[in-house]
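Enquirer: Protein chains in written order, with numbering that gives the first Met the number 0: chain A, 0 to 291; chain B, 0 to 778.
Please note that the accuracy of each hint is not assured.
List of simulated lysine to any residue pairs, SDA-like, C-alpha gap at most 25 Å [what the hints assert, rightly or not]: (1) B:Lys563 with A:Gly208; (2) A:Lys65 with B:Ala197; (3) B:Lys41 with A:Leu156; (4) B:Lys279 with A:Ala46.
These are calculated hints, taken from the structure and not from any lab test. As the structure is a computational prediction, the values presented were derived from the model and not from experiment.
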Amino acid sequence: MSQLTHEDARKAAQRAELSAKLTRAFILLVLFIGAIAFIIPYYVTLAMSFKDQSEVATTSMWSWPKNFSFENYVTVLTNRNVVFWMLFKNTVFITSLVTIGTLFSCSLGAYAFGRLEFAGKDRLFLVLIGTMMLPGMVTMIPGYVLYAKIHWVNTFLPLIVPAFFGSAFNIFLLRQFFKGIPRELDEAAFLDGASHWTVFSRVLVPLSGPALATVGIFTFMGAWRDLVGPILYLNDADKQTLEVGLRTYAALQGEKWNLMMTGSVLVSIPIIILFFVGQRYFVKGIVMTGIK
Amino acid sequence: MSAAFAETIQLRFLCWDGDDAMKAIWAAAESFEKAHPNIKVKVETVTANYQDKLLAQVAAGIAPDVVQLDPASFQKYSIRKAIIPLNDFIKKTHFKIEDYYPNIVEAHSLNGQMYVLPRDIAPISIIYYNKRAFDEAGIPYPDGTWTWDFKERPELREKDFIWVCHQLTKFDKSHRPYRWGFAPGWQDLLWNEFALSAGGRWADDYKTPTKIRFDDPITMKSIQYVADLTLKNRWIPTPTEITSVLQSNSRQMFTQEKVAMYQSGIWEVPNMRRDLVKGKPGFFDWDITIAPAYKDGTRAYPTGGSGYGITANSKHPYEAWLLTSWMAGEPGMKEMVKTGLAQPAIMKLAQSEPWIPGPNTPDDQQYPKNRIVTHQSVPYVVFGPLGTEWPDASGIATAAFSRIWDGSAQAKDIIPKDNARAQERLDYLLNQGRLPEFNWTIASVCGFALVAMLMCWIYWPERKVRRTHKQKKENRIAYLFIMPWILGVLLFTAGPMLLSLLMSFSDWDIIQPAKWRGAGNYVEAFTFDPRFWTSLKVTLLYTVFAVPLGLAASLALALLLNVKVRGIPVWRTCYYLPSVASGVASSLIWRRIFMPDGGLLNAIIYGPSGKGNFLGLASLLHPFTTNGEPVNWLGNEHVALPALTIMSLWGAGGGMILLLAGLQNVPTYLYEAAVLDGAGPFKRFRNVTVPMISPALFFSLITGFIGTFQTFTQALLMTDGGPNDSTLFFAYHMWRSGFLSLRMGYASALAWVLFVVVLIFTVAQLKMSKWVYYEGESR
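Excised from the complex, chain A in its bound form:
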């Protein structure tokens, strides 16, 4: 009898293992097919970046380069009209400050909206969301005039400084995550006499790795790829950012698609690296793994 049960259990385990394997294989298959569809635009970009102009012109967009060459990369990286490394330096400077500023100011705001009680909280929250609802293009000219009045035009300031004063989107995002974290830990900390700042910096922030990584990726990418801001506020050739500078290759009537695509690949590399690194924070925090 007991023999039989044991056999049953073994079979059941085998079945479970098989079904788990099948599920995994199925997931991999779905992932694979989907990934092809999602990679296609990037594949074309990459393929075109290795073709010379005449191959781009005379062959299909979908073909893999016949005469594989790094010449476009050499051209883009050494073009003296569009100095890649200077653009890169400017972009890194702006983007890193914007990301730091956003992470700092938005997590502060989110802590108040997500964990604290204060006068006018609910309606201020609606105001917060409300600031996202007006299309930026009608506030663009008034904003520009404002920055011109305080002589910020043609400096990095209009692009960087606002990041230190919070953005509605990210405050809202982090608030959602902060509100989802159980209160037990902060209550324990308060009993130990911790201040709000301690709870914020020692409890909430460490527990919000995935959320902060998300905000970091979104913000970095937004600033890295921003076109309208730098175009509007930066005049000098040596102050431009990558996204703006590389747009030169797509200039009307003189577009060079191979160089344009090469630029697109180069611009995307840091984002891809960051995305890889950022994923490390996509793990469950201690409270989520079962200690309760």
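For chain A, the structure is supplied; the task is to place chain B on it using the hints.
Expert: For chain B alone, coordinates are given in the frame of chain A:
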């Protein structure tokens, strides 16, 4: 010289040229500095959003001294006195304006004043032809004597342009053309040229149009004729195949030998030289010729061209003139000519080496031989109708042209009606009457009152709340935490928002002081503007589909990519890649994917034979096709919006990240508990996963709606709002009103209407947010 002269003056010079032309501009600026040691020149190039940036700078009074403008754009600055007339400078410096093509000078003048010193002229009269194709067909190369008529005239043989188009077209066995005879550079070029040369004009006065005349019989006949050549004869590819908003595909079709001839401007030459290199695969011999005349010998060609003007805020107008006349004069243009990009507006330069190849011209610049046609075309150029009101009004008349191009309507049946509506709009825009000045005192009072009311509303529920000592402390600390945001709103957000609200009650063209219009903008939006409801409908429809679909796709991806399989970071990156690729690059690729013939999507749906029916999609799409052709995704008004919706799903990677982050907050023990309770996978998803990630879902939903209501780039990069306004997003209509028609007051009113719509949606969602579960709230 006097001491004052020793002072260095700095001039800013703004142009829209890209890579190649920039070298010429820098070289010219350098030689100018050498010739004028007391003047320094700072060259600024803006290759995207040029007009937006210039407008912002003009509005702030910090525009560069010298700016590049063209006949289509200078008027809006000149009539508002943002650029200054150049006639006095010409007189004072005895500048030889008679060296320039007189009709180009005229095109840059208004009411007898010249505002822009012409730099280049670009008659779009150049037909690039494949010599091999002519040889194979046994037709002599064109000699510039082509004529055309509203029918093929085989008796004229190679003298008849239409006959040549016919002869050069090659069909496969199933009577589908695999090489077309001719492709215009973009959709409107061919009918523009036909109508113009046959005597059709679509405005009564091209400088200051007051009557729209697309219903002119010759114009209508030309439009219909081009449609017939495309659809019935099939000697010309369809509009979606030849154009994209950003670039013309015609050149590429030509270099890939999918068309035997194509028409464009001379600016294609440097690209052509790089595209077709002797000795490299794919090379064939080519040259250019002049586009045909009408049967009675009349020639007329649309044209491009630009020049430099001086802004009114320049502190050194005289020095700016020196720079202008240098850059658009012989020194600057000699540099520009070397690039082969721009045909100089100076007659002498346009007829001599190096613009026209001669014995001293290097080998690689010998192509094309027949460059003198650029000079021969200039007397026949016709600039398009100008006037700030023109794009807005004429767009109503031309929106439904897409129906003519896809064969679902005849020109004579739809144009007269749409033309009448366009005329109504133009009359409305022209008869605004005199408006009183905007009263800033009253506006400021109203502004303060509004802010005060907002504050009262925020703190109204607080009037009865009594806080304990501890709560008061928490309140103070909370305000410290949100202080950066509050300061940010006060410093950077509130002012511009308030100003745009005030401007929505004004008539404001960005450049001149605003005028008081009362509720006029809102009244216009709801009653007179035919595109208000259209664009609102398009946006609502798109939002209602794109947001839930996008959220579902993000959730599916997040769940799939949350499993523990090998290489998960790589998989995640793959799905995030489309969000990483640059906008311009992706729009190019997406246009190819949606192409009716040879597009990737249709290749999947219809298979390689063209007869397939993948997942029954071909039958499903059948009602939106004509003559059993594959569906034309971006060219058909019924499927263009769905096409953009499909495209938006490729952006699901962003939402995926967010939900992945949310999934990390689902405690494992809850699943374990659910399994012990015997809950299946669906129940676990429904009762554990969804509630635990509901805060992230809720965020995606709210911000998804807010963002999608403001959709704009897809229209700008992919469809220009067409076909027949079927992708005219509200925000795109707003942008065109504000920045193209310079009606920023009206655009602001539209923005605030959108604000209210989005607010209603959002508040409704907040009210229905009971399904959102916050672990931290369950005390």
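Enquirer: Just to be careful, I want the Cα atoms of lysine 279 (chain B) and alanine 46 (chain A) compared with a cutoff of 25 Å; is the pair within it?
Expert: With a Cα-Cα distance of about 19 Å, the restraint between lysine 279 (chain B) and alanine 46 (chain A) holds, given a limit of 25 Å.
Enquirer: Would the pair lysine 41 (chain B) and leucine 156 (chain A) pass a check requiring their Cα atoms to be no farther apart than 25 Å?
Expert: OK: lysine 41 (chain B) and leucine 156 (chain A) at ~21 Å, within 25 Å.
Enquirer: Do the alpha carbons of lysine 65 (chain A) and alanine 197 (chain B) lie within 25 Å of each other, as the hint requires?
Expert: Cα-Cα ~47 Å, so violated.
Enquirer: Given the hinted pair lysine 563 (chain B) and glycine 208 (chain A), is their Cα-Cα distance within 25 Å?
Expert: holds (19 Å)
The structure is inconsistent with hint 2 alone, although it conforms to all the rest.
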